[in-house]
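Asker: Residues per chain are reported as follows:
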Amino acid sequence: MINLQRKESQVREGRLGSITGYCGTLHDLGKRTGCGGLAGKERCFSQASLCNAACALGVLSFITDAAIVHHAPTGCAVTAMQVANAKDQLAATIKLDNSKSCYVCTDMNESDTVFGATDNLRDVVRETRRRYQPNSIFIGASCVSGVIGEDLASVARELTHELGIPVAPVHCEGFRTKIWASGFDAAFHAILSAVVKPPIKKSNVVNVINFFGSARREITAMFARLDVEPLFVISNTTTEQLSRLSESVATLSTCGTLGTYLGHGLQQTYGVPYVRSLQPHGIAGFEEWLRGLGQVLGKQAQVEDILSKERKKYWPQIERLQSKLKGLRAVVGMGPGFNFNTARALQELGIEIVHAAAWHFDKQYDDGHIPAAFEYLLSHSPNDFGLSVSDLQNHELVNLLATEKPDVFFSRHVGSTVWAMKLGIPALCLYDEYAIFGYRGLYNFAQSILDVVTNRSLTDNLKKRVKLPYTEWWLEQRPNHFAVQGNSKVG
Amino acid sequence: MQTVQGIHRGVPVLHAGPGCAAKLAIGIAGSNGDSGYISPHVYPCSNVSETETVFGGESKLEETLSNALKVIDGDIFVVLTGCTAELVGDDIANVVRNLKDAAKPVVFVATPGFKGNNLEGHEWVVNAIIEQYLVPKPRGSVQKGLVNIWGPVPSYDPFWIGNIRELENLTIDLGLEPNMIFGEQRGIANVDRVPNAELNLLLSPWLGLSTVKLLEERFGTPFLHIPAYPIGAQETSKFLREVGQHLGVDSRKLNPLIERHETEYYYHIERTSDVFLENRTMSRRFSTVTNAADALAISRFLVNDFGLVPATQYITDATPIAHQQSVARYFRQFEYGIEAEVQFSTDGYKIHEDIRSADYFGPPLIIGSIFEKKLAEELSGNFLAVSVPFKERLVLSSSYVGYRGGLRLLEDIYTYVLRKFN
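As they're listed, the protein sequences go chains A and B.
So for the first sequence, our numbering puts the first residue at 1; every next one is plus one.
So for the second sequence, our numbering puts the first residue at 492; every next one is plus one.
Each hint should be verified, as a subset may be incorrect.
[Stated by the list, open to error] Pairwise CB distance ranges, derived in the manner of DEER restraints: (1) A:D432 <-> B:L715: 29 to 35 Å; (2) A:D460 <-> B:G636: 38 to 44 Å; (3) A:S448 <-> B:G853: 46 to 52 Å; (4) B:T906 <-> A:R122: 43 to 49 Å.
Since the hints were made in silico from the structure, they are not lab data.
From the three backbone atoms N, C-alpha and C, an ideal C-beta is built for every residue, glycine too.
Generate the whole structure from the sequences, applying the supplied hints.
Answerer: Encoded structure:
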């Protein structure tokens with residue numbers, strides 16, 4: 001249950017029973033999830049992964065007219081350099097004026113760690129408002145602000161009153177959670193508790209929770225046939241649009257991991273139905289996603305019409321590729337949301353999943369139910385494939401790929417694709433969240449897979465020229481060699 | 492972190508939160524790639540969590556480090572601490588001391604973000620490797636003609652690899668043997684040779700001064716401090732003369748070398764002069780908004796070689812106050828008595844306001860980072876990003892150093908100029 005009265009979202013370990021260490025199989029994990037006996041493993045050797053702050057403040061910085069004030073030492077605010085100029089490029093692509101958007105930092109120094117720096121934080125927030133005139137301000141926490149116990153909530157409350165715009169703390173201290181997706185929850189908690197207002201009237205808008213919205217044109221056209229308009233959140237939205245999320249007729253998400261907090265939060269608080277379905281990757285996902293929306297809108301017939309047209313147009317072409325892809329063995333290494341949805345889409349193409357490495361695993365979403373994409377695999381997967389929860393641990397991934405030797409590897413995270421290729425395994429990165437969207441996406445995907453397994457030149461050439469940074473000893477161990485019993489954490 | 496990765500087969504071991512590595516790498520390297528023999532997700536990291544912030548993280552670091560030595564095939568392991576470990580007060584020295592019999596050298600450096608920025612961190616890491624790894628080692632005798640070169644900062648300088656190569660090439664041209672510790676296939680063998688050099692050559696206005704002084708103190712190696720890496724014919728010829736004369740290179744060798752390079756350089760300048768001189772969208776005035784090293788090197792080139800006049804130069808690298816005066820002085824020493832005003836500031840908003848209110852007597856040329864792109868567009872000026880955040884350009888082995896580097900910089904500036912017409 002999402003509690004918006006709290007000053008911060010609970011981290012996933014405590015709220016959803018999420019874990020970052022497991023090694024077994026699909027059905028074994030399913031069994032443990034069902035009977036409640038799932039305890040994550042810790043590691044006595046680990047590599048750098050990602051943090052919730054980068055996720056939280058990364059997504060928030062794509063709001064068209066919001067400011068991020070990162071209460072952190074300057075290095076932590078390097079996210080400002082990461083999002084510059086992607087947010088400008090995106091705004092230019094869809095012709096939005098994002099001149100009020102900015103990312104600033106309080107530049108905490110050594111004396112701040114001793115004496116605290118909330119006075120400086122107040123000044124920076126005020127000056128940010130004066131300079132850029134943003135319509136909302138998000139105060140990002142950091143490890144330093146967390147350890148020294150800065151009271152961001154009080155500062156935000158005072159300044160909301162003083163400046164007359166939402167000023168919200170974002171509790172994304174990096175040490176609070178091992179699951180960076182908790183950062184999405186922290187960001188959405190800030191939006192739900194400080195920006196979204198109670199509905200005045202119902203609109204015909206459907207909230208589509210996604211990252212950057214590359215399929216905006218197709219989805220807008222498709223939704224027009226259902227007499228609704230998509231609002232892609234939260235990139236490229238204004239504070240004002242976000243304040244009216246409660247008026248929307250439904251919420252959909254392209255990623256279960258990303259969408260759970262906002263989707264369920266809007267449903268629990270304002271009764272906006274959150275379509276709890278597979279995500280729209282491949283055929284089953286796309287159909288269930290759109291049918292779920294059709295049901296909420298009472299537009300089942302129109303949805304069936306869209307689906308049959310898409311099917312007619314693309315299915316014969318997908319079928320032609322299927323025969324060429326059948327029998328390929330694949331490993332998927334992604335977060336759990338995309339991972340299980342991608343695995344399903346691959347199975348639709350006749351590709352065998354030999355292993356899924358999920359960076360974390362959510363035992364349930366915020367409605368208390370097991371994630372739909374995982375449940376679907378439990379009942380539909382033709383084989384009980386290997387499944388690990390591995391926190392983006394590169395040593396585990398390389399070890400696993402070297403052992404399994406799949407025909408192809410699928411990735412989604414920065415810096416993970418090339419490691420398969422160094423082992424001579426062709427790899428395809430699904431950076432775009434709409435890369436396997438529906439029939440057309442699956443067709444593109446199938447053709448891309450065929451392309452990467454056909455032309456192996458870069459993979460083969462790279463493999464010949466590089467040496468792995470791992471010792472032979474490590475490659476002879478089992479991938480979960482360093483797993484140790486975890487302390488159960490409550491968030 | 493990126494300084495350690497810049498040493499081939501060097502391995503940073505982080506005692507920090509889970510996100511520090513990836514965040515810094517993506518933010519700094521940006522579109523220029525941060526992978527290689529290792530990459531940020533290969534760095535061993537204690538991934539400090541709530542438990543360690545409460546109970547301390549020394550044991551977590553100890554197991555991370557001792558297992559890292561078994562798992563990662565590296566030549567030198569450098570433990571770096573993040574903010575949390577420092578706030579909690581973990582005794583890193585003690586953890587590393589317990590591993591002093593490790594098969595590979597282990598060095599440690601306190602690098603919390605609240606104590607300094609990435610440039611200072613770079614210097615701390617290099618100095619720690621000298622103090623903890625090189626000083627205790629037996630050293631061979633000084634090798635005549637061997638020159639350590641210091642200056643380019645890995646990853647933070649988008650052109651670091653290319654610049655290093657070009658500086659090496661210029662040194663080789665002089666008949667000397669360059670030694671740089673960063674870049675492919677250099678690695679620990681080059682680190683080991685550092686104490687044997689005849690000279691430490693520093694090409695940077697302030698960063699690295701403590702390193703060459705430390706090397707002088709520890710190994711007695713003299714240093715030559717040239718405050719900017721050379722770009723274009725004038726500066727590069729000056730550089731070759733200065734280094735050559737310093738190390739006694741015969742002028743009968745030096746002069747024909749410079750002559751050959753300058754002939755080639757001015758062939759290109761001459762044949763492209765119409766483009767440079769006859770266009771509607773380029774004025775004479777420019778500003779740089781970047782770190783001190785790039786600002787000085789580029790200003791010297793544009794003023795002393797290419798005939799432009801400097802407006803205010805904005806230095807954004809948080810140059811330590813102790814160095815600001817000497818850095819500002821370099822900007823008052825251009826040819827023809829030309830001087831440039833310098834502002835040290837990390838406040839991008841104020842810098843942009845200042846540029847907006849300045850008169851460039853035509854379209855300004857603004858050389859900085861991607862943060863200046865929109866500003867240049869707003870002012871109908873010309874723009875080139877040379878420093879981080881870099882973005883929208885890919886640099887593999889290109890360099891702005893030397894004769895070729897000057898031509899390359901002109902190519903890049905005029906590629907932008909040629910996109911416009913008024």
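Asker: Which numbered conditions among the earlier hints are violated in the structure presented, ordered from lowest to highest?
Answerer: Going through the list in order, the structure violates hint 1 alone and respects the others.
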